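J.: Order-wise, the sequence lines are chains A and B. Numbered per the numbering used here, the first sequence spans residues 1 to 340. Numbered per the numbering used here, the second sequence spans residues 1001 to 1525.
Please keep in mind that the hints were generated in silico from the structure rather than gathered at the bench. In this text the structure is predicted, and so the values were computed from the model without any measurement. All C-beta atoms in this analysis are idealised placements derived from N, C-alpha and C, irrespective of residue type, glycine included. Don't take each hint at face value.
[Claimed, not checked] To spell it out: a stretch of chain B is covered by chain A in this simulated footprint if at least three of its residues, at any positions, have a beta carbon under 8 Å from a beta carbon of chain A; those stretches are:
#1 1175-1186
#2 1196-1208
#3 1229-1239
#4 1446-1459
[Claimed, not checked] A short, non-exhaustive set of chain B residues, derived as facing chain A with CB atoms under 10 Å:
#5 1097
#6 1313
#7 1422
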Amino acid sequence: MLHRRRFTLAATALAAFISLPALADDAPLRVLVHSSFSLPKPLLAQFEAESGVKLSIIKAGDAGEMLNKLILTRAQPIADVVFGLDNASVAKAQANKVLEPVAYTQGSATAQVDANVVPVDYGFVNLNFDKAAFAKSGLALPKTLEDLAQPAYRNLLVVPNPATSSPGYAFLLATIAGMGEEKAFDWWARMRGNGVKAVKGWTEAYYTEFSRNGGTRPLVVSYASSPAAEVFYSKEKITESPTGNLFLKGGVFRQVEGVALVAGGGQREAAGKFIRFMRSGVVQEALQTTMWMYPIEAHTPLADVMKHAVEPTAFDSLPAETIADKGTGWVARWTQVVLK
Amino acid sequence: MPPRRWRSAALALLPLLALGVLLVAPVLRLAGEGWWGDLATQTPSSPWALWTDPYLRWRVLWSVLQAAATCIAALLLGLPVAWVLARWEFAGRSLVLRLLMLPFVVPTLVAALGVLALWGPRGVFSGWLDVHLQDTPWLLLYGNLFFNLCVVVRAGVDALEHVSAPRVAAARTLGATPWRAFWRVEWPAILPWLASSLCLVFLYCFAGFGLALVLGGQRYATVEVEIYTLVAHELQLAPASLLALWMLLLTGTVAWGYALIEKRLATPTRVQPIARQHPSRPAHWLGVAAALGVLAFFCAAPLVAIVWRAAHAGWDTWALVADVETLAALWNTLRFSATALLLATVLGVLHALAAQSSVAMRAAAFLPFVVSPITVAFGLLLLYPQWTASLPLLLCAYAVLAYPFVAKSLASALDNVPEHLPQAARSLGASPWRVFWRVTLPMVAPALRRGMAFAAATALGEFAVTLFLSRPEWATLTTLIYQRLGRPGAANGDAALVLACVLMALALAAFALIEGPRRTESPHA
């Protein structure tokens, strides 16, 4: 008997679990975000309370995966707004008609993505180096990408695969923007000979291959803000980052990401409020140490820890249309040159 | 149809519906999108295109090769270990059996970090032995063995406990050497169990995703990784579905063959298990030590490496276990797993009962192992966009991925239920439900519990689907670990390891709770 009673109890509990979300459903604003999206919970709660908009945040993996999901489900959109499309991916989104025009003229953005995307923040993909490893080996820091193809720098660099990683893709675009397509792939071919290591994603590159975290490679493709994050998340209180940025010609890509309306989505008024929220002062300040990007609003005060992540003075960029036309082909060629 | 067929058809209805709606339909939808949808721009010229492309051919061959190699290694290492654990009684034996479950519940990303902590560029073993396994196939094989050796050992121990003591004794009395008695009496008896576990090992390794993704590097990744890349990153659905189709054909053949073998080999017997002995001679102790050594090297070392590093993370990092975010994730993990376990048990029991008279049903239980979670998740997204980020869909997906453990474990146990007992109960007027409840269930309860424990572990460590269908407020421990690994800084890396330890402890507790105390051992001879 006891068994049976237990079973009934469990069945009731199960029914309760399943019906809970159905009851709480009053058409929230569906926000599709990539996995790096992160804002303090109190901030989001405050927005919900003040605007009367209920948020349903849907994480959709890496930025590239997120866009692919948008494209796959465009007949029946899974979200009303999307955050995280950037200048490297927006043209593909436009070509597949997953965005709707958005009118937004407030504020003073320091960079743009596209007419259909309201810019929110920007960041840089570039090389990070492990200060301790370079100090120990006595090797001078490379001054150009060409140096990295020299025997002295053999087996030092790890890169995420452009086919499976957004920073990897951005770095490939940087090399093409900085050197031109032919010279860039020639460099990659020589890098292959010089022992460049390609791994699936940023996490593998940073946490298993980068010498700072137990790997053997003191050079890694990461973000300009990573040294600041190292200080912020350090176990002990430190005044200097254990890693540094290398801003080499052809090795810096600026990502500008923003928020956009999903074609066919609803809740336009609420979406407008959310877009304004993302550009508001509180979010612009908070995103620096949660998403590790730089604020797009010109007059936002910088977080103190960001002094460990000084912005590069120069970077390389390509027109969005060129990226849209040739991006897939470049990735295929990269796979051929570096992996196969 | 005779009534028996009707009954199993009725039983099969719910599991088949679940498989159809949550597994087959999404995959077909995804394939359809690739071949006829808006994105059908890269349709390969022929279904044979796969075999003419040397790159893809290598991927498929390597996938088969690494799975087969793991099977052979797991059998050669696992069977002697299982024999020692089943036949010798020593202090800590049941603890060892419990601990054998641990590798199974470790999320793949964490397990891979554990493997790398040993064999990676600055790993412990790499340092001592001066060998570098990075970018070699050995790293993946070691990782495969970490996860799968314990599967074979557990199955072997269970099987050896089902060997009839009188039969072995009779063989020995008739002059058979221990080796001959093993070969002629024990081996045939344990074969179905081993076959089933090896089949699982093959399917895990062949269709495995997480390990191959991290440990395989770029060269030794498997087809599953290729499919994931094609779908998630390159949106080339046609080649991806072609690959998936071939995979399905290969794994389906294995699953079908296995179902046939298991059905044929199953012999309902009520056995008197062989009593365990206390090792008395040095040779015995050497055997025990060797078995434990194998387990320590393959199954414990990566976990110890993780615990060791987490233990050195310091109080500040451990304090985060008590913070709001972690507690919320802990609660989510618990309630999601509990719900999924309930659903999985219902589906699993029904499926196992239906599979008693159908080889096709037996093979169908392997579908969730054969189809990659990532493909399923994408298909679900495409098929039911209105349910994206809905908790019921997430939990149902959990349940479908976890229930084969229940179905498989129970089906093997049901094969071994002597037919005359239920028949006797029936002739005494018990209804079929009552027979199941009062006669069959008590006999198969240990197997059911074991299956449920496996299912719970799967749900606790579930990751791929969670990442696809979840919302931030549903973050589980695995997603939290993944998030931590997505940010730079030593504190985040340590936090991930600490959370991994918590998850391991949780899984161990769940396992102990569900599987319950092992039945009282018969006194030794």
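J.: Hints the structure violates: just list their numbers, smallest first.
T.: Violated: hints 1, 2, 4, 5, 7.
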